[in-house]
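J.: Same order as they appear, the protein sequences are chains A and B.
Okay, so the first sequence: first residue is 1 according to our numbering, each after it adds one.
Okay, so the second sequence: first residue is 1 according to our numbering, each after it adds one.
Derived by calculation from the structure, the hints in this document are not laboratory data.
In this text the structure is predicted, and so the values were computed from the model without any measurement.
Warning: the hint list may mix true and false statements.
What the hints assert, rightly or not - Which stretches of chain B does chain A cover? Using the computed rule of at least three CB atoms under 8 Å from a CB of chain A, they are:
#1 26-37
#2 122-128
#3 131-144
#4 148-159
#5 166-174
Stated by the list, open to error - Every beta carbon over 12 Å from chain A, so not counted as near; a handful from chain B, in silico:
#6 Ala72
#7 Arg73
#8 Tyr87
#9 Arg89
Beta carbons are placed, not taken as given, at the ideal position from N, Cα and C, and that holds for glycine.
As a plain string of letters, each chain reads:
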Amino acid sequence: MTTMMTLDRFETAALAWGGDLSRWPEPLRREAEALCTAQPERTRDLIAAAGRLDLALAAAPAAPASLALRSRVIAAASRSRPTGWSLGEALRGIIGAGVGAALAASCIAGVLAGVLANAEGFSPSRLAKAQDPGVEAMQLLRGSQDPADGSWSA
Amino acid sequence: MSSALAESEEDLVLRAGRGDADAISLIVTRKLPRVLNLARRMLGDQAEAEDVAQETFIRAWRTAAQWKPGKARFDTWLHRVALNLCYDRLRKSRRLTHDPPDRPDEGPGPDRGLLAQDVGRRVDQALGDLPERQREAIVLVHYQELSAAEASSLMGVSIEALESLLARGRRTLRSALADLWREA
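When you get a sec, could you build the whole thing from the sequences and use the hints?
T.: See the structure below:
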């Protein structure tokens with residue numbers, strides 16, 4: 001046998017949680033519903049008073065999220081590099097897909113791309129226009145090697 | 001895009017964390033209005049709220065890959081990030097208040113109508129005058145429609161303490177806005 005909620009308790013709860021009983025936390029809501037059944041008139045007045053404040057609060061305008069802001073946020077987000085999006089994450093994805101061979105290839109490609117990006121005279125369009133991009137890439141690599149000590153000029 | 005729409009929020013967040021442009025765009029579309037409204041109501045300033053919203057999403061992407069789905073809903077977690085940014089700004093601008101400021105009673109005047117935008121402004125003003133913790137409680141529960149458990153967890157208080165903040169805040173609002181329904 002549970003104790004019935006008092007009207008004072010109901011009033012405080014209605015003030016806090018508002019006039020919509022479905023928004024009240026459990027087990028408060030169940031207790032409140034029981035009191036509403038037992039004392040419909042008294043509780044109706046209290047719910048109505050809380051509901052009037054709910055309506056007034058609803059009149060406060062929502063902030064418009066403009067398309068310009070949306071574009072700005074997406075652009076800013078795209079520019080920021082996720083710290084958790086690490087090489088490890090990328091490798092897990094590759095291994096998870098069962099493409100073991102791609103691992104070595106992507107590592108080589110990554111090293112190649114990094115070196116090429118720093119190689120003098122490199123541009124993606126130069127590789128794209130080349131008859132044999134592989135040969136062109138090797139020529140660029142050779143060209144970027146320091147003849148004096150064999151180290152990469154990058 | 002249709003498959004992305006059906007995708008769970010958790011999967012979307014993880015994809016966004018891997019830099020997937022479609023996932024980022026979809027999450028911003030879904031969540032920006034909520035984050036913006038939260039910041040707008042906490043700060044009372046549209047431009048500042050937009051800055052906070054942008055920074056919230058930048059922080060979200062930076063850590064999205066580390067986000068643990070089981071720990072908290074992404075929406076709740078976004079709220080936490082946005083609230084922290086709001087409090088940073090409130091602290092910097094020294095707008096933190098712990099007691100209600102003295103404000104002359106702006107009761108009904110002979111020339112004051114009850115246009116919807118007037119009501120909205122009055123509510124905005126009254127909300128802005130509340131101590132931050134009371135305002136935060138009302139914004140989270142009433143406007144953001146978080147459950148009592150989510151809101152209390154975000155605020156780091158018990159549900160009873162949340163109820164107390166809500167009751168005090170709403171009592172002040174009811175008193176500040178009482179003329180609205182006296183005239184109705």
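J.: Are at least 3 residues of the stretch 131-144 of chain B within less than 8 Å of chain A when you compare beta carbons?
T.: With 4 residues in contact (Cβ-Cβ under 8 Å with chain A), the coverage given for the stretch 131-144 of chain B holds.
J.: Since Tyr87/B was said not to touch the interface, does its Cβ keep a gap of more than 12 Å from each Cβ of chain A?
T.: Non-interface label on Tyr87/B holds, nearest chain A Cβ at 18 Å vs cutoff 12 Å.
J.: Confirm or reject the statement that Arg89/B sits farther than 12 Å, beta carbon to beta carbon, from all of chain A.
T.: holds, 15 Å
J.: Please verify the coverage claim for the stretch 122-128 of chain B: does it have three or more residues whose C-beta sits within 8 Å of some C-beta in chain A?
T.: That given contact holds, which follows from 3 residues of the stretch 122-128 of chain B lying within Cβ reach (below 8 Å) of chain A.
J.: Are all C-beta atoms of chain A more than 12 Å from that of Ala72/B?
T.: holds, 16 Å
J.: Grab the minimum beta-carbon distance between Arg73/B and chain A and tell me whether it stays above 12 Å.
T.: holds, 17 Å
J.: Given that the stretch 166-174 of chain B was listed as covered by chain A, double-check it with a C-beta distance under 8 Å for 3 or more residues.
T.: holds (count 6)
J.: Just to make sure I understand the rule, a stretch counts as covered if three or more of its residues have a C-beta closer than 8 Å to a C-beta of the chain. Does the stretch 148-159 of chain B meet that for chain A?
T.: Three-residue rule met by the stretch 148-159 of chain B, so holds; n is 3.
J.: Can you tell me if the stretch 26-37 of chain B counts as covered by chain A, using C-beta to C-beta distances under 8 Å and a minimum of three residues?
T.: holds (count 6)
When each numbered hint is compared with the structure, no violation occurs for any of them.
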